[in-house]
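J.: Turn these sequences into a full structure, and let the hints guide you.
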Amino acid sequence: MAKQSPLSTFVKRNRGLVVVIVLLFALLIFGSFISDRFRTTSNILNVFEQSSGLALVSLGQTLAILTGGIDMSVGSMISLLSLLTSGLMNGDPAMILPVTAGIILLGCMIGAINGIGIVMLRIHPLIVTLGMGAVLQGIALLYSLGPAGKAPPGFKFLAYGKVLGLPVSALFVIALFILVALFLRYARLGRYIYAVGDDQAGARLMGLPRSGVIIFVYTVSGFCCALMAIYLVSRFGVGQPYTGVNYTLASITPVVVGGTLLAGGRGGVMGTLFGAYLISLINNVLNFMDVSTHYQLIAQGLIVIAAVSIYVEKRKRI
Amino acid sequence: MLKLSNISKSFPGVRALSGIDLEIRAGEIHALVGENGAGKSTMIKIVAGAYQPDSGDIEYDGARLHNITPASAKKAGIHVIYQEFVLFPHLTVAENIYIGHERRGKLGLVDHRQTRRDAAELLKRLGVEIDPDQLVTDLTVADQQMVEIAKALVHKVKLLILDEPTAVISGREADLLFARLKALRQEGVAIVYVSHRLEEIFQIADRVTVFKDGERVTTADISSVDRNKLISLMVGRDLKDIFPPKRARADTGKVVLKAENVTVNGRVRNASIELRAGEITGLAGMVGAGRTELAMGIFGGLPMSSGTVTIDGQPISHMTPAVAIAKGIGFVTEDRKSQGLAMQLDVAANVTAASLIEITRNGLIDHGAEDAIAHQEIAKYKIACRGPATPVATMSGGNQQKVIVARWARTNPRVLILDEPTRGVDVGAKTEIYKIMNELALQGMAILMISSELPEIIGMSDRVVVMREGVVSGELTGAGINEQAIMSLATQHMAA
Amino acid sequence: MTDATDIKTGGEGRSSGFRHILSNYGIHIFLVLLVAVSGIVSPAFLSANNISNMLLQVAPLGIVVIGQAFVIILRGLDLSVASVMATAAVIATGFSGVNSDMPMIIAISLAIGAGTGLVNGLLVTKRDVSPFLATLATMIMLQGFRFAYTQGAPSGNVPPLFRVVGAETFYGIPYNLMLLAVLAVIFGILLARSRFGREVYITGGNPTTARLLGINADRVIVSGYVISGVLAAIAGLVLSGYVGIVDNWVGRGFELDSIVAAVMGGIALSGGRGTIVGGLIGAAILIVVFNAVLMFGMPVQLQIIIKGLVIVLAAAFYVRRSV
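Chains as they are written, first to last, in this note's numbering: chain A, 33 to 350; chain B, 278 to 773; chain C, 51 to 373.
Derived from the structure by calculation, the hints contain no laboratory data. Source: prediction; values computed, not measured. Wrong hints could be hidden among the right ones.
[Unchecked claim] Partial chain B-side listing against chain A, Cβ under 7 Å, derived:
no.	residue
1	Lys351
2	Val363
3	Leu386
[To be verified] Here are some chain C residues the structure puts well away from chain A; computed CB gaps all over 12 Å:
no.	residue
4	Ala94
5	Asn207
6	Met345
For each residue, glycine too, the CB sits at the ideal point set by N, CA and C.
T.: Structure, rendered in structure tokens:
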């Protein structure tokens, strides 16, 4: 049997990632022809900074999708947690640490409840997380119908701070993605995420901790939502009851654009990261082309269709 | 090593196991034989923790086991190689072999290089050439089977259960497997070996247990039984009681369907076959020989890359299932659940699915007519169910199969293709299905029966076509139809 | 032997008549109980005024649920319905706001609904895109077209006749409920009694079986999405008449509410099972729950929380039933 070269094997198995990176570079080159301002470092940094939040939410979403599930509660979770963050801190710098820790813990707990619900009730994750999303949105509105509290001074650093001229938040997100990518590749639990997504029943027969894997990925998704909520409060100075509403569906786009299949078992987080950059960059280029945001939505829809059409593996039809 | 006492298990509509007692010793190869649906697979799944028994005790390694789960069975050193593989298609060969027993290096992280090296070593020791970096989905079925076997050798196994491991391999690979099993027996591993192939059992087993209709018939030393004895124990009656007497062979039956030089996407090459009115043609061969694909190609269910199909001398240019049905071909598929039935729907809807026109009045479905037809077919084929509104999902395999046969017989086809018509069907229903097939043939239908069960092929066919590796390797008629002849056509060259 | 076992199960089936009723009519009973209890707790709940109000609200959701039922029975999901509704509503205000615009408005809206359904169906069948993503993508795109068309702020008036159909009643019976009834009968018969309907169930129950039976499964699936799109457009027009003024988000939340109603009504996400009547009862339960929350003087936010819990509980109920 002819052994394929490692490079061609890599390309074949990481089609999504490769396609997205190629497109990213193509777009960078295209953009620099359109406008001189596009080429500026500050613009590019801006794009990366803008995409960080979405990428963060999509990170947890990627893991859920890798197991063949989906997390439809992320938007409401972000809204509720951001409200609680600014509401509880209420401008008091002394509260930054305890509240941040508490919110992260709460996010993980909500995620874990999603996972436990999916495992125990044996219902499709879509339904469980949809239900959870509604419950969380209701609680958020019970807590406050409008913006609540405010971020303490100094809290802005998370969203706007820079290290060596680079945005802290963007660097943090990149680091987190690399960490998760390494985890998926080198930790047993990481490999099991792929196994569970590839064949749920098989994972059970092989004695793999299927329930644990599912609870874990939704916990991670909750963790990412908590970070996002904290980031948004840092950025806007206050939490709002609908601040996360668009992220539920938006978080799925970078995942599919990055080549992770909704069916589970195939894909990876780096594709998602670059997918988020790509989407952000496309909007940026369209801005420079003076295309209104309305048409940017259309472009986003087309990207999703293009992505899913490219990556889909034809099922065998008898 | 393993002791089962009084194990019983029922599924909706069928009692799979009743009061099974069985003892497996360390250091023996214990063969399990029985017809399809005799309960072997259910018993294996209970030992592996995939099913919970309704009642009974399991003693293993001197201790009683309660609520076995696949994970706890694994931990206890029980490894099962299932007939339907448990492989993760998009993980590599090496990862599949070591899943659950990852090679780990520093910090407990998975060491991919070590995994790959060890897997390569293991596969080499097994004597097969498989690239450990390949994805399992890209392997042939035979190679996938070898990966399954390699998985069993990774860790200390005390009880190894193999369910039909040679269904997709033969010759050299089977010999490699047997050598490995004998070595494991030497090491004191208890091995349960399920197979249809009696010659294998005489080749490697120490003891044999016969299952029939969910019950254990007997356990015996292999030296104390012979082939014929085993068959009669398995079947529980003489062959002639199961298979209806052969009809007077209709030599004059004219050719209804002729398929020439059919090629189906790498699975079938230049295969030709003729079906005659009033004749049952058996299509034999190993699993993966391309039998189903050939039949699907003829039916239009899979695209033919080349070849022609003529019905009554009239060539069909583009075959699709719709055209095939219009031309009078019916297809009872191999897998009832995934291809044959809409499991959520009731008996009536499934029976009438191929003849909706018959129950359509003024463009609307006439539920009265539908029920009448369903009642009629239920009586005709003795389908055991609560009535036309019974969801087929709650019925036993044999009755589900009768629903599908009734569906197609209702359309009064010229040609009826049956793919493994008695798989997962108990003996009683089996005999009835054979009778139905015979009656249909007597009415002048041309029947093509795909089967992996040699007694079935031999007992039912007027003519046997054998396939091997995608090509038709020979055709047998009359007295020429016997086990040796079929096996040699099915496997020749493969040993090379 | 098989006969004996099966006859035995048959006997068990007959003896557990209560369970049979519960599993087949549980959702009907639940609706009746819900209405009864609400009426006892809050007499205002059963006032003619409030009942008329609830009936007015049921129509737009009910119409969407009918379409969603076809898609879900076909193993799909239609997330684009709310976007279609909002677009139809925007079209309704896109002209001069007089009755003579109506044929034009209806024609354009239905065409958009049918077109969206067609794209959804083709993506799902020809490109093997998962229904979730296909309808998500068309939802986003339609949203983009709508924003581009309105430049972010729709204005204009709904023709008066739409107002009548959407918000007025005839001796206490809303016109829009009558429309729902007519559509329910038409599509109910289509699903339960026509050959096409039977093909829908077979295709949803097992697409492979359907193909091997010579059913053009792709065409059946595409038709299902087109039906869903067209009905969503009708629902959008009705809703525009109900609310009178239109923004870009008319119908927001209907995609999830319609799926929830369908699931509650016994239409399984795994396909092949469920009825129009079931879906409509699911829709009615949602409306009653929302209304009851208000009538009991509980905060509006509880509506959403209860909805979330009901989704999960209903799904859990049906999972238990089918195992």
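J.: Now, for every hint given, state plainly whether the structure supports it.
T.: Structure-based check of all given hints:
Proximity of Lys351 (chain B) to chain A holds as hinted, the smallest CB-CB distance being about 4 Å (cut-off 7 Å). For Val363 (chain B), the shortest C-beta to C-beta distance to chain A is roughly 5 Å, which falls under 7 Å, so the interface hint holds. Of the supplied interface hints, the one on Leu386 (chain B) holds, with its beta-carbon coming within about 4 Å of a beta-carbon of chain A, less than 7 Å. With a closest Cβ-Cβ approach of about 23 Å to chain A, Ala94 (chain C) is found to remain outside the 12 Å limit, as its non-interface label requires.
At roughly 23 Å, the least C-beta separation between Asn207 (chain C) and chain A is larger than 12 Å, which holds for a residue marked as non-interface. No Cβ of chain A comes within 12 Å of the Cβ of Met345 (chain C); the nearest lies about 18 Å off, and the non-interface call holds.
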